[in-house]
Amino acid sequence: MSTSDADGFYSMGARARLRRIRQVILVGSGKGGVGKSLVAAGLALSLANRRRRVAVFDIDVHGASVPSYFGLSPPLRSSSKGIEPDAAGGVSVMSVGLLTGTRPVPVRGGLKEGMITELFALTNWGRLDYLVVDLPPSTGDEMLTALRLFRAKSSLVLVTTPSEGAVSVVARLAALARSERIPVEGVVVNMAYMVRKGQKLFPFGRAGPSLQRSLGTQVIVEIPLDPRISSQGLLSLMPRRSPLGSALGALADYVLNPESADSQR
Amino acid sequence: MHELSIARNVVEYALSEAASSGSKRVEEVQVEVGELTQVEPDVLSRSLSMLMTGPKLQGCRVVVTTARATFECRSCSSRWGLAEVRRELDEVPDELRVQEPESRELPLHFLPQLYSAFIHCPRCGSADISALGGEDIRIRRLALE
Numbered sequence: 000m001s002t003s004d005a006d007g008f009y010s011m012g013a014r015a016r017l018r019r020i021r022q023v024i025l026v027g028s029g030k031g032g033v034g035k036s037l038v039a040a041g042l043a044l045s046l047a048n049r050r051r052r053v054a055v056f057d058i059d060v061h062g063a064s065v066p067s068y069f070g071l072s073p074p075l076r077s078s079s080k081g082i083e084p085d086a087a088g089g090v091s092v093m094s095v096g097l098l099t100g101t102r103p104v105p106v107r108g109g110l111k112e113g114m115i116t117e118l119f120a121l122t123n124w125g126r127l128d129y130l131v132v133d134l135p136p137s138t139g140d141e142m143l144t145a146l147r148l149f150r151a152k153s154s155l156v157l158v159t160t161p162s163e164g165a166v167s168v169v170a171r172l173a174a175l176a177r178s179e180r181i182p183v184e185g186v187v188v189n190m191a192y193m194v195r196k197g198q199k200l201f202p203f204g205r206a207g208p209s210l211q212r213s214l215g216t217q218v219i220v221e222i223p224l225d226p227r228i229s230s231q232g233l234l235s236l237m238p239r240r241s242p243l244g245s246a247l248g249a250l251a252d253y254v255l256n257p258e259s260a261d262s263q264r
Numbered sequence: 000m001h002e003l004s005i006a007r008n009v010v011e012y013a014l015s016e017a018a019s020s021g022s023k024r025v026e027e028v029q030v031e032v033g034e035l036t037q038v039e040p041d042v043l044s045r046s047l048s049m050l051m052t053g054p055k056l057q058g059c060r061v062v063v064t065t066a067r068a069t070f071e072c073r074s075c076s077s078r079w080g081l082a083e084v085r086r087e088l089d090e091v092p093d094e095l096r097v098q099e100p101e102s103r104e105l106p107l108h109f110l111p112q113l114y115s116a117f118i119h120c121p122r123c124g125s126a127d128i129s130a131l132g133g134e135d136i137r138i139r140r141l142a143l144e
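Residue numbers (numbering that gives the first Met the number 0), protein chains in the order written: chain U, 0 to 264; chain H, 0 to 144.
Pulled out of the complex, with its shape left as it was, chain H reads as follows (with noise of 0.2 Å):
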């Protein structure tokens, strides 16, 4: 469901970008997906493609690819990837997540700037940590005709 909320702005952002450069149509988006947002590739990829209707966009290539998350500790320095605090994350209850139709979703799947107030140094416990990478949506490259 948020996938598709993504979609959109995705598809907005390109529209805007064609518009204002007077390009005629959208010929490929390219998203990375960050694990750390716990969006499914996959389903952006749909998501993406079927809002790809309308002149500027039709024929428009959709790649989606996905970015490991990578955190650092300011504390102690030591550095981890998302598996490291899985079970952290798996701990997360039910009364903090938010309720989509068909599932229950980290509050980070919507913030993943969020990921200091659910995920702690593995090694010495902190919050204080930073993410190095796969913490955000990105549009890798927009192909304008």
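Chain U with its partners taken away, still in its complex shape (with noise of 0.2 Å):
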């Protein structure tokens, strides 16, 4: 039994972090460059605006980009109930990028399942309304570990863009959740939009109903591009009344209360 097991004793540490967590909300598309990272962070941000104790874990080793948007950056500091995670905006956040900052992460697969496992195994998360997972592209050694670490709490909030290639590789994503069971919650478009001069545009094409049909669940919310995002960052432009902060509050909003809350197209 050793700490690279995929059975091994983190996986108890594990399960007992998880039994302070309420529920796990896992974002992914299988795709990259749709937005996911930009969907979690700007959740969780909105759960914590609606006073919910709220974390992210940003599972993507080799391209983790969370803590970017919460200008967050190494070291790290542990005590003795395990690793800190940073925080900004009243949300936890642990990333491997807070352990290697710049460095690339030339990690094989086989190395990812422990190194997942245990990095949330040591985390200090506390108790937890919501741990918000961001996943990265594929569905590989990390969707599977996250799988397979969350199973019992998790649903599934997918992000496309309106793209017919996005979706088409989304819709993998989905009938790989559904073939673990895990609930799909809907789907968020990104950068479903831009607003120019009071007019909206639609850079990527339209997200249509047989973008629905293709992913066989609804659209929670679609989400504007917003170039703002590179100058002035999510925890800048999430307080202010925005077309992006509004989206990512409805998608939280959703999340609190899923029968309650209109899907927004």
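Bear in mind the hints are in silico, worked out from the structure with no lab data behind them.
Warning: the hint list may mix true and false statements.
Said to hold, decoys possible - Derived pair list, reagent style DSSO-like, types lysine-lysine, alpha-carbon separation capped at 30 Å:
no., chain 1, residue 1, chain 2, residue 2
1, U, Lys-80, U, Lys-152
2, H, Lys-23, U, Lys-80
3, H, Lys-55, H, Lys-23
4, H, Lys-55, U, Lys-80
With the hints as a guide, dock the two chains, each given alone in a separate frame, to form the complex.
Structure, rendered in structure tokens:
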């Protein structure tokens, strides 16, 4: 029995941590570049704004980007309770990126399961209402590890852009979730439109009814493309009355109360 | 500090195994510490002994050993030990070291699986390397009564 065994003694620590977390929201797409990390970070911030205890676990080992949305960087601290997550905007954040900074992480597949399990088990999450897990692209080791760790308490929010190419890849993740009996909350269409001089523009096409049919689930919300993200950052944009902040707030409202929240187009 | 977290996980595992096998007590725990983890064997041993309380753990023998770290380069097939890359690890800046109450530790101390982010082949410089041993913490023996 070792720390590198899939069912090693860190799995027990992981189960103990999970007992103190009410619900896990997996945010994934199977495809890169659609804005999963933005949606995961924005959802967490919106939940925190609604006075929920929330953390984000970024398990994209090779391309960790969640810390940057919160303006966070290494080093981390540790205590007698484990590694302390960093925090911003009322959200606790843990990511491999907070251990490796800008260094590449050329880790082969077999190590990733143990790494993610161990990092989850060692982090002092505390008691949480929501753990938002930012999944990397693909349906490989990281995704399968997340399903194994969080199956009992998790549901999946899919993220896509309107393009047919993106939707076709995301559909594969939706199919995997169903085969693994992970409830799919719905789909977030990111970069759905942008607003220029009061007019809505659709640079990546329009998400129509075929998207819902392809993914077998409803559209929860459409999120606009907001170029100010790069210059001003998500933390700065969220509190303002912006289409981006409103859309992410609507996503949080849906997560909090899916029966009474209307899904929005 | 991290040794205490490891010890807690080991003890929880031992108690769980004892419970699932219907054993009365845990007689002995042998833990092997991989050199790459930078975990101090004597600190881990003291942490384990401190946690050996309660009827199922009373009198449990704690044995902690170390395993040497060995690496292989997938590009040039070189093999080497930790001593050959000690300088590279020593040069990891403070900004990447996890702050413990009385020290700053390499991330490898917590996640040894990250070794390829911090170590390169001393011969060809490649980061495409594998650890052949000494990269994790193992329970070598768990004796139950």
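Open item on the list: Holds or violated: Lys-23 (chain H) and Lys-80 (chain U), Cα atoms, limit 30 Å.
Closed with: holds, 29 Å
Task: Given pair status - Lys-152 (chain U), Lys-80 (chain U), alpha carbons within 30 Å - done: Given pair Lys-80 (chain U), Lys-152 (chain U) holds - Cα atoms ~23 Å apart, limit 30 Å.
Task: Pair hint outcome, Lys-55 (chain H) versus Lys-80 (chain U) [Cα-Cα no greater than 30 Å] - done: Holds, because 24 Å separates the two Cα atoms, which is no more than 30 Å.
Open item on the list: Next pair to validate is Lys-55 (chain H) with Lys-23 (chain H); report whether the Cα-Cα distance is within 30 Å.
Closed with: holds, 6 Å
Against the hints set out earlier in the document, no violation occurs for any number.
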